[in-house]
Structure formats: C-alpha cells, structure tokens
Amino acid sequence: MNKPLPNSLRQGPDARGRFGPFGGRFVAETLMPLILEVERAYDAAKKDAAFQAEWRRLLTHYVGRPSPLWFAERLTAHLRKAAAPGMGAKVYFKRDELNHTGAHKINAVLGQILLAKRMGKTRIIAETGAGQHGVATATACALFDLPCTVFMGATDVERQQPNVFRMKLLGAEVVPVTSGAATLKDAMNEALRHWVANVQDTYYCIGTVAGPHPYPAMVRDFQSVIGEEAREQMMEAEGRLPDALVAAIGGGSNAMGLFFPFLDDETVAMYGVEAAGRGVDTEEHAASLTKGRPGVLHGNRTYLLQDEFGQILEAHSISAGLDYPGVGPEHAWLHELGRVNYVHATDDEALAAFQLCSRLEGIIPALEPAHALAYVMRQAPAMPADKVIVMNMCGRGDKDIFTVARHLGVKL
Amino acid sequence: MSRIAARFAALKQEGRKAFIPFLEAYDPDPATSMALLRGFPRAGADLIEIGVPFTDPMADGPTVQRAGQRALKAGATLAGTLAMVRDFRREDDATPIILMGYYNPILSYGVERFCTDAAASGVDGLIIVDVPPEEADEVEPAARANGLDLIRLVAPTTDEERLPRVLAATTGFVYYVAITGITGTRSATTEALAAAIPRVRRHTALPIAIGFGVRTPEQAAEAARIADGAVVASALIDTLAANLDEQGRAKPDAVRKVLDQVRELAEAVHAVTAPA
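Taken in order, these protein sequences are the chains called A and B. For reference, each letter of the first sequence is one residue, going 0 to 411 in numbering that gives the first Met the number 0. For reference, each letter of the second sequence is one residue, going 0 to 275 in numbering that gives the first Met the number 0.
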C-alpha cells in the first residue's frame with residue numbers, strides 16, 4: 000500500500016457523510032428530510048454534556064460497563080503449544096458479551112433511544128438479524144416505555160426462536176419479513192419502507208455502522224466506548240498498547256467500536272474477520288470486502304456482494320448476525336486505505352472456535368465473535384510470545400446453542 | 000426541445016393533462032412487457048414510465064416488489080430494458096419514456112456509459128429513487144451531457160426550506176409523491192393534494208405529475224385536476240398479476256386487460272379540461 004495515510008483517520012466522515020468515496024445519503028426524497036433531522040439532532044446531542052452524562056449513567060448502572068478485559072490464559076497456553084518456540088501472542092478478550100442483553104448492541108441502542116426521545120419521537124423501529132439488536136432495542140424501549148416494532152427476516156425468526164420470544168417478553172412486536180431471502184437485508188428494506196410510511200412519529204434505530212449518514216458515524220461513536228475502555232484497560236494490564244485487534248465483521252459495529260480509538264496508533268495492527276460461510280470460493284459466504292465490490296444499498300456506498308448487473312446477492316453465514324451482503328462504509332474506506340486487514344473464517348472454523356473457547360475459558364461465545372476467535376487461533380501462534388492481541392468478545396452464545404447443537408448433530 | 004418538454008407543451012396547448020402509466024420491464028417476461036409498452040400509447044398514454052427491476056426496491060410496496068422479482072427471474076437487466084426502449088422507438092418517436100429505478104444497477108453498468116446508451120436508445124428521463132439532490136453530482140453531469148431529464152421526487156416531507164433545492168435539481172417534470180409511504184399502499188386525500196401542489200407550484204414552472212396511491216380513474220382524474228398529470232403503477236401491475244397462470248405466465252388476455260385499464264384511466268384523465 001503506497002498511498003499516504005491522512006494525518007488522522009479519526010476525522011471522518013466529511014460533511015456529506017463520506018469516508019473517502021464511501022458512505023453518503025442514498026435515500027428516497029421522503030426520507031431525506033428526516034435523515035437531515037437525525038443528523039442535526041445527533042450533532043446537538045453529541046455536544047450536550049447532559050445527554051452524554053445520561054448515556055454514561057445508563058452504561059454504568061444498566062449495562063454494567065466497563066466490561067472487563069480478560070487475559071485468556073488457558074487459550075494463550077493452548078495456542079502456544081502448537082506454536083514454534085518463543086511464539087504465541089498473549090490473547091485478551093474484551094468482554095462485551097457480559098453486557099446486559101448479552102452483546103455490544105445495547106451501547107448504541109441506548110444512545111439512539113435517548114436521541115429519539117430528545118427528538119420527540121414516540122415509537123421505535125429496528126431491524127435485526129440474529130436478534131441481538133432487536134433484543135437490545137426491545138429492552139431499551141421497555142425501559143423508556145416506548146412502543147417497539149422489530150423487523151426480522153422470516154428465515155431468521157425460525158433460526159433464532161429464543162430471541163424472538165425474548166423480544167416479545169420485553170413487549171416488542173416482531174414482524175417477520177418474507178420478501179427476498181427473508182434475512183437481515185430484507186428486514187432492513189422493510190424497516191426502511193415502514194419508516195417512510197411513519198416518518199412523523201417514528202425513529203429508526205439501526206443496529207450497525209451502515210445505512211445513510213449519520214448512522215455509520217453515530218453508531219460508531221457510541222460503540223467506541225469499547226475501544227476507549229480497552230485502551231485504558233490494556234495500559235493498566237500491560238503498560239502499553241496492544242499489537243493487534245481482532246473483531247468479527249457483519250455490518251461491522253463491534254469492530255468499528257474497538258478499532259476507532261486506535262486508528263491513529265500505527266503500531267496497532269487490526270484484523271476484521273468476515274464470515275466465509277462454506278468458503279469464499281463457494282457462493283455461500285458473507286465476505287463483502289473479500290469478494291464484493293463497491294455499490295449502493297441501504298443508503299450508503301460500500302462494498303457489496305452483487306452480481307455483474309448490480310443485483311444484490313444473498314449472503315450466507317452460520318451466524319445470523321454476519322449474514323449481510325454489505326458492510327459499514329468506514330470499513331470499506333479502511334480496507335481501501337489498507338489500515339485494517341480484512342480476513343475471513345468459515346462456518347466450520349467458527350464452530351471449532353466456539354467449542355474450544357467454551358472448554359478452555361468457560362466462555363460460550365456467540366457465533367459472531369467465534370469467527371474472530373477462529374482468526375485469533377491462526378494469528379496468535381504466528382506472533383512472538385511478547386505480543387498482545389485484543390479480541391472483541393462482542394456477544395455471548397446462549398442464543399446460538401440450538402444452531403450449534405444442530406450442526407453437531409445433537410438433538411436438544 | 001426534449002420529448003418530455005414537447006409533450007407537456009403540446010398537452011398544455013390542447014388544455015389537456017398527462018396520463019402516465021407504468022410497467023416493470025420484463026414482468027412477467029420480455030414479450031409481455033414489450034406488448035404492454037407498444038400498446039400503451041394507443042391506449043392513451045401521454046408519457047410512459049418503465050421500472051428497472053432491482054433486488055432491493057426500498058421505496059416500493061409488495062406489488063412492485065413482486066413485479067421486480069418476476070422480472071429478475073425472467074432475466075431482466077438494465078441492458079435488456081434499454082433494448083426494449085430501442086425496439087419501441089422504431090415505431091414511436093414521440094411518446095416520452097422515463098426509466099425509474101435504483102442506483103446500484105446503474106452504477107454497476109457505469110454511470111456515463113449508461114447515460115450515453117440510454118439516450119441513444121431513446122430514453123428521455125430518469126428517476127433514480129435513491130439518489131437525492133444531495134448526491135446529484137453522481138449522475139447529473141452525465142445525464143445533462145446526454146440530454147436526459149432528471150426527474151425528482153418531491154414528497155409531503157419535503158419542507159419549504161428544501162423545496163427550492165430539490166426543484167433546482169429537477170428537469171422535465173416534477174414527480175409529486177402523494178403520500179409519505181411506499182408505492183401501492185394508501186392514497187392521498189384530495190384536500191392534502193389540493194394544498195400540496197400549489198405549494199410546489201410556487202417554486203417551479205415545470206409540470207407536476209402525481210404518483211403513489213393513484214389507482215382508480217376517479218383518483219387519476221382528481222390528480223389531473225390538481226396537477227398536470229397522473230402516474231398509475233401498482234393498480235396496473237395488480238391487474239397483470241391477477242392474470243398470470245399458476246406457473247406465473249401471462250394468460251392470453253392479460254395484455255388486453257391491462258391495456259383496457261390504461262384506456263379507462265387515460266379517458267378519465269383526458270376528460271379533465273384546463274385552460275389552454
């Protein structure tokens with residue numbers, strides 16, 4: 000990569016919501032005024048100390064932040080066994096799976112719900128894939144007494160029954176979406192359509208760093224609490240910055256949250272792990288940066304899985320949370336700059352990592368961070384023993400035990 | 000003068016309003032949609048809108064979504080859509096054709112190449128739903144260089160502050176989206192339209208057509224009375240969809256039934272008279 004890097008990679012997006020050529024506001028006119036309203040409201044909230052204090056209060060006392068930074072000693076020792084002498088980096092987990100609701104999603108949801116209230120919106124809609132974002136949104140809506148409608152692909156409703164029931168217990172309405180392949184992409188289409196029809200009173204709480212500006216920047220800002228904490232905690236634990244960060248990428252919100260505070264630290268390498276499904280050389284994967292090309296979908300320009308005619312392809316991953324044919328625009332930019340390395344792990348590798356982590360660390364990871372862990376298992380043995388990796392354990396695996404059992408041929 | 004400007008000028012001179020039917024290219028197969036396209040002008044279409052199928056039509060309701068899925072299954076592409084227009088132009092050089100679709104297939108084709116080919120094929124205007132004025136520089140230079148009108152959507156949510164900006168980026172005519180919502184769902188009230196159209200008129204001299212939720216001859220006539228034209232899409236697609244067999248093929252009289260409906264709608268619109 001010979002391109003000179005800008006002075007800071009933490010300035011984006013520009014006034015048009017672009018990260019380099021990516022991002023933007025590609026929405027129908029009906030939504031445009033509302034998108035601009037969200038942008039204005041968020042700009043004001045960002046600078047409002049009372050807003051920030053209320054969000055921080057919720058993070059501390061409701062979510063349980065800061066989440067611990069855990070030295071995965073047994074995993075580290077296990078990986079060193081197979082490594083050459085003197086090799087095998089220390090592996091830390093940033094334990095966002097311990098958050099209330101079991102994943103990182105709640106960080107940005109609470110910020111957005113506070114924003115919605117500030118904007119005077121009286122109902123909330125959200126899309127969800129694995130159901131984690133839906134559960135987080137339903138949770139926040141219960142807390143703030145707001146009606147909540149969650150759009151979820153009918154296929155995902157089937158494979159994530161526990162989360163569907165959870166959302167209903169929390170008082171949310173779950174709308175199964177049957178268009179397209181009935182997964183996350185279609186849920187997002189339907190949420191956007193519903194929003195267009197209910198612009199006056201409704202706030203759309205997007206779960207990832209995608210969608211039209213200002214969503215990618217706003218969700219990243221809220222999720223950056225992950226990286227800010229990790230940075231501080233690592234200084235405390237090791238007295239220095241980590242050498243590598245690893246996070247799973249679907250839309251990319253947990254990765255953006257971990258990476259963003261470190262983007263200008265040149266010594267910190269970053270790895271975003273895409274879902275390779277049944278392999279990136281098959282047609283069944285969700286590796287948009289590895290195998291896609293730039294296009295426009297869901298309000299932003301980014302890397303997309305698409306055919307030669309610009310029709311969007313269906314993604315595949317064992318993890319419903321990574322089953323998306325696009326990726327946040329900031330990732331697309333960091334990919335082209337070469338600042339972050341985008342790699343991938345297959346369904347089978349994630350399943351193996353899922354089981355290994357459960358046995359070695361007593362932590363059942365969600366299938367999403369199991370992809371990140373699968374890459375850690377490859378990368379750590381290739382790094383000297385005095386190097387340090389931080390992996391984002393962005394969700395817990397309770398929701399996935401049925402899927403995993405089925406893949407292992409176990410009947411529950 | 001572009002075909003669109005010429006057509007609206009001629010209508011104005013005759014004191015008539017424009018009827019603009021819509022069809023989804025390749026729905027349910029290329030031959031049927033070509034037969035509809037050819038039949039539209041004789042059935043009373045003043046301008047024609049052709050939908051370009053896309054896997055993820057964000058602004059469309061179930062009717063147009065399903066039409067797009069049928070079309071994609073039948074092999075629809077942007078190039079195939081342009082070929083339909085070329086075929087149509089062999090026998091009709093006057094009826095303006097507007098392509099309506101989403102940005103990604105155009106991006107994939109290449110914006111400049113697309114504008115060149117579209118103009119050469121006889122396309123007159125573009126409605127790219129997910130390219131708002133804020134992103135207009137993506138397509139404006141190439142569209143302008145090729146003489147293609149960029150028709151913009153104005154919605155009930157487009158406020159006073161925003162209207163001049165949206166209209167400044169518009170050529171050909173203004174497409175007023177009657178409802179805050181997706182295509183083929185609900186309809187606007189006469190009162191809402193009667194208040195909205197003069198608001199737009201204050202900012203532009205361009206003709207205004209009303210679409211989204213215009214389904215019946217009565218509604219089309221109403222839209223024509225208040226504005227300069229009416230667009231009907233989902234109601235026509237519903238008729239086509241109701242005349243497909245179990246395998247999704249068009250029944251023998253499907254085209255005739257849609258054209259009969261076009262005729263009925265066109266007559267209602269043309270019965271509205273305006274001062275010349």
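Hints listed in this document are in silico derivations from the structure and should not be mistaken for laboratory results. Hints are not guaranteed to be accurate.
To be verified - Chain B is nowhere near these chain A residues, computed Cβ spacing over 10 Å in every case:
id	residue
1	Gly238
2	Glu283
3	Gln310
4	Asp347
To be verified - Partial list, computed: chain A residues near chain B (C-beta under 7 Å):
id	residue
5	Arg24
6	Phe25
7	Phe308
8	Gly309
9	Ile362
By construction, the Cβ of each residue, glycine as well, lies at the ideal position given by its N, Cα and C atoms.
(request) Grab the minimum C-beta distance from Ile362 of chain A to chain B and call the hint holds if it beats 7 Å, violated otherwise. (result) 37 Å, violated
(request) May I ask you to test the interface hint for Gly309 of chain A with respect to chain B, counting a Cβ-Cβ separation under 7 Å as satisfied? (result) It holds, given that the least Cβ distance between Gly309 of chain A and chain B is near 3 Å, below 7 Å.
(request) Using 7 Å as the Cβ threshold, decide whether Phe308 of chain A counts as touching chain B. (result) 5 Å, holds
(request) Answer holds if the nearest beta-carbon of chain B is closer than 7 Å to that of Arg24 of chain A; otherwise answer violated. (result) It holds, given that the least Cβ distance between Arg24 of chain A and chain B is near 5 Å, below 7 Å.
(message) If we take the beta carbon of Gln310 of chain A, is the closest beta carbon in chain B still more than 10 Å away?
(response) About 5 Å separates Gln310 of chain A from the closest Cβ of chain B, which leaves it inside 10 Å; violated.
(message) Under 7 Å is the threshold here; is the Cβ of Phe25 of chain A close enough to any Cβ of chain B for the hint to stand?
(response) Holds - the Cβ of Phe25 of chain A comes within 7 Å of chain B, reaching about 4 Å at its closest.
(request) Could you check that no beta carbon of chain B comes within 10 Å of the beta carbon of Glu283 of chain A? (result) Per Cβ check, Glu283 of chain A is outside 10 Å of chain B; nearest 17 Å; holds.
(request) Say whether it holds or is violated: Gly238 of chain A keeps its Cβ farther than 10 Å from all Cβ of chain B. (result) 47 Å, holds
(request) Would you check whether the claim that Asp347 of chain A is not at the interface survives, using Cβ distances to chain B and the 10 Å cut-off? (result) Non-interface label on Asp347 of chain A holds, nearest chain B Cβ at 29 Å vs cutoff 10 Å.
Figure legend: structure checked against the earlier numbered hints; hints not met, in rising order: 3 and 9.
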